[in-house]
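Protein chains in written order, with the numbering used here: chain A, 39 to 114; chain B, 69 to 433.
It is worth saying that the hints were derived from the structure and are not from the lab.
Among the hints, a few may not be true.
Unchecked claim - Computed from the model, here is a short list of chain B residues facing chain A with C-beta under 8 angstroms: (1) Met69; (2) Tyr71; (3) Val72; (4) Pro78; (5) Arg83; (6) Ala167; (7) Tyr184; (8) Ser185; (9) Leu187; (10) Lys191; (11) Arg220; (12) Gln223; (13) Gly224; (14) Ala318; (15) Ala330.
All of these numbers come straight from a predicted model, not from anything done at the bench.
By construction, the Cβ of each residue, glycine as well, lies at the ideal position given by its N, Cα and C atoms.
For reference, the chains in residue letters:
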Amino acid sequence: MCLAVPGRLLEITGQDLERSGRADFGGVMREVSLAFVPETAVGDYVIVHAGVAIARLDEEAAARTFAALAEAGAVE
Amino acid sequence: MRYVEEFRQPAAVARLAERIRATATRPWSIMEVCGGQTHAIMRFGLDELLPEGVSLLHGPGCPVCVTPAAAIDKALEIAATPGVIFCTFGDMLRVPAEAGDLAEAKARGADVRVVYSPLDAVKIAEQEPDREVVFFAVGFETTAPANGLAVRLAQGQGLKNFSLLVTQVLVPPALEALLAAPDHRIDAFLAAGHVCTVMGTAAYEPIAAVHRVPIVATGFEPVDILRSVMAAVRQLEAGEARVENVYERAVAPEGNVAARSAVEAVFEPVDREWRGIGRIPASGLALRSEYRAFDAEARFGEVKGECAAENHCIAGLVLQGRATPDQCPAFGAECTPEHPLGVTMVSSEGACAAYYLYRALRETA
Numbered sequence: 039m040c041l042a043v044p045g046r047l048l049e050i051t052g053q054d055l056e057r058s059g060r061a062d063f064g065g066v067m068r069e070v071s072l073a074f075v076p077e078t079a080v081g082d083y084v085i086v087h088a089g090v091a092i093a094r095l096d097e098e099a100a101a102r103t104f105a106a107l108a109e110a111g112a113v114e
Numbered sequence: 069m070r071y072v073e074e075f076r077q078p079a080a081v082a083r084l085a086e087r088i089r090a091t092a093t094r095p096w097s098i099m100e101v102c103g104g105q106t107h108a109i110m111r112f113g114l115d116e117l118l119p120e121g122v123s124l125l126h127g128p129g130c131p132v133c134v135t136p137a138a139a140i141d142k143a144l145e146i147a148a149t150p151g152v153i154f155c156t157f158g159d160m161l162r163v164p165a166e167a168g169d170l171a172e173a174k175a176r177g178a179d180v181r182v183v184y185s186p187l188d189a190v191k192i193a194e195q196e197p198d199r200e201v202v203f204f205a206v207g208f209e210t211t212a213p214a215n216g217l218a219v220r221l222a223q224g225q226g227l228k229n230f231s232l233l234v235t236q237v238l239v240p241p242a243l244e245a246l247l248a249a250p251d252h253r254i255d256a257f258l259a260a261g262h263v264c265t266v267m268g269t270a271a272y273e274p275i276a277a278v279h280r281v282p283i284v285a286t287g288f289e290p291v292d293i294l295r296s297v298m299a300a301v302r303q304l305e306a307g308e309a310r311v312e313n314v315y316e317r318a319v320a321p322e323g324n325v326a327a328r329s330a331v332e333a334v335f336e337p338v339d340r341e342w343r344g345i346g347r348i349p350a351s352g353l354a355l356r357s358e359y360r361a362f363d364a365e366a367r368f369g370e371v372k373g374e375c376a377a378e379n380h381c382i383a384g385l386v387l388q389g390r391a392t393p394d395q396c397p398a399f400g401a402e403c404t405p406e407h408p409l410g411v412t413m414v415s416s417e418g419a420c421a422a423y424y425l426y427r428a429l430r431e432t433a
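Okay, chain B solo, but in the shape it has when bound (with noise of 0.2 angstroms):
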């Protein structure tokens, strides 16, 4: 097993989108929430294989994308600041904000490093005493067990030049805030698989249950996307509103204990701001105050501010799921890639990208 080319099988596809095609009698829209599944269902066509009234909605699970430009305007600030080396993961390079990005501050000279974890950013600290290190810990809660590690280690040696400007966010809330809009389409979710890895499944049952909403837990392989698809219209179909696991080699009811308890030891809840959607109640993590010595903004000063305004770009409706990156006048003429207008098209996990990348591809293929 080596658990990729197994969920891929052309056959085993092939038939569970004849079978989604037999069990639908009527229309269902259903929400993947995590960017990193739209990008599979983009890449792998998934999308043309269901019937015509059964549609995938894109949600919110773009970290890059949600994070606030105030966040990034902080960013900006402490990586000019002198003697400052300011880590971060490659996505967050081109986020613009009110005053550019981080590509751009490099450029003028600030030192921002690329990091594929936080802890490479603890072994910067360790080998330059003499520099503040800061980490952009950004993401949703597959990412805050590396950064809560980061922290205890860094605490564990000592380090006193070491801290995170955190602009962590949570699923659950979002997906509370999402149904909370009285003209919201969403039947069902797929939620992200990697995120319940982690967290487990207990926090989506009150959901379930109360929104009378599926929320069934999926991975990112085409055969576990199918499953899921087919595991909420069947509870669709059937007026039923549970939390099902397809993805059972990946999620344990109780999440990861070791992973979620040094999450839970390192952060609390707050209220966050989500770029193109708004403030949501209790749906960030920051960081406890027993670890203030490691949280940026106690040392540079607080994120401030609501978001700025954004151009015409639709990208709080693209991640809202109450519009598909196609709809938007400006996609792929005035906006692609390489010249993206908002962050959907910046972020390499972001819908837009993804309808650009994979459609684009299709049409030539």
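Looking at chain A on its own, in the form it has when it is part of the complex (with noise of 0.2 angstroms):
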């Protein structure tokens, strides 16, 4: 039930709580609900818990994270 992986977003439909999409976790296509990330659009990668969408993973903050480890010698 603790789907660790993050699942890109291939289409959306719906509104609210109806909200939903499909989404490929490295090539298995789920369906998952995005009622609780209304700002996620088609490319976006989510982090999915028993169906359901629990956050739009944050490109701009994994960069951070790769600058500071590119910093510190850790990455190229």
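Put the two chains together into one complex, using the hints given.
Written as structure tokens, this is what we have:
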């Protein structure tokens, strides 16, 4: 029930509590509820638990992480 | 960015491990709370990259493991009731209770269905108006939004045949309970990333301050986990005890406000029994009285009794980080994933299953 791998949103339908979409989890397609991530758009990566997206991954934050690692010489 | 390979880069992992070795001057015990993180640690051999004195303790964050046997007995009773469709995550099928497990109930003819989401159970209730559809709502703060949403949708559709058997549990009270034991060995916590994704990090501030333990929210990839160990070691060496977040891409300090509000609207905190650990005050969620119509315990009777005494399996100690799976005499001999003695071997998120699977792989590699 705790799937840690992010999924990439392929399509979005519906609104409010019925907002949902299809996501690609490394080649496995799944229907996911987007009720709690109203800001998501097609192409975004989401974290999903029990069929419900609980976060849109923040690309800028991820980029900052890599910048910090690069500064510390941990990545090229 | 695909958020997977980037966070597994061998060069970054090696460099982080090196920095941890250079920073740690004393022995430290750091507990990762989440079973998913225990699996990542074993799968990628991260424990073997740490300096000798820095050890990882495995925490209670396996929802399947901590669900009390009495709740599973109730699930078995409900599943055996004529007209009921009992829906559950697949992980719960083989978890043993007094009266057996859900897989056996299914083999005996009960209509037990494995679903991926409580929303699937709502759909079944819609399609089968003459049947009672019950969903086994287990899990931590990560599954609570899905269960809250299921109740909201069922209510919106006017469904009268859908209910939840709720055993939801909460992480912060469990950390408090572990720290309350006078002989605990925990110097710092790695907080479960996705629990923080939903609820934010504020609830950990008083725990870090009162108990003087660093708490670092982190993710599930090797770079995330080693960054969090590094952050914890750096704090411990400096005598600090703060809440830190190294899972910036998925955790905001306030959590996911929409998901949190749905959880708080539908559920309220209650005392809860944890299998292998005992009763912890305000450590569970139950449906609020407004949603009693969706409470399986209101329809089928309450979950009764305390946890039954277990066999000689040490799952309770493993769940509290007081023992590692390989310290159990039954591990890998009498107890295997095919013939599990306890919950931590049954569940795919259990620490014993992780040790069994990945230690065996390492030995054959």
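Item to check | Numbers of the earlier hints that this structure fails to satisfy, in rising order | outcome: 4, 6, 10 and 12
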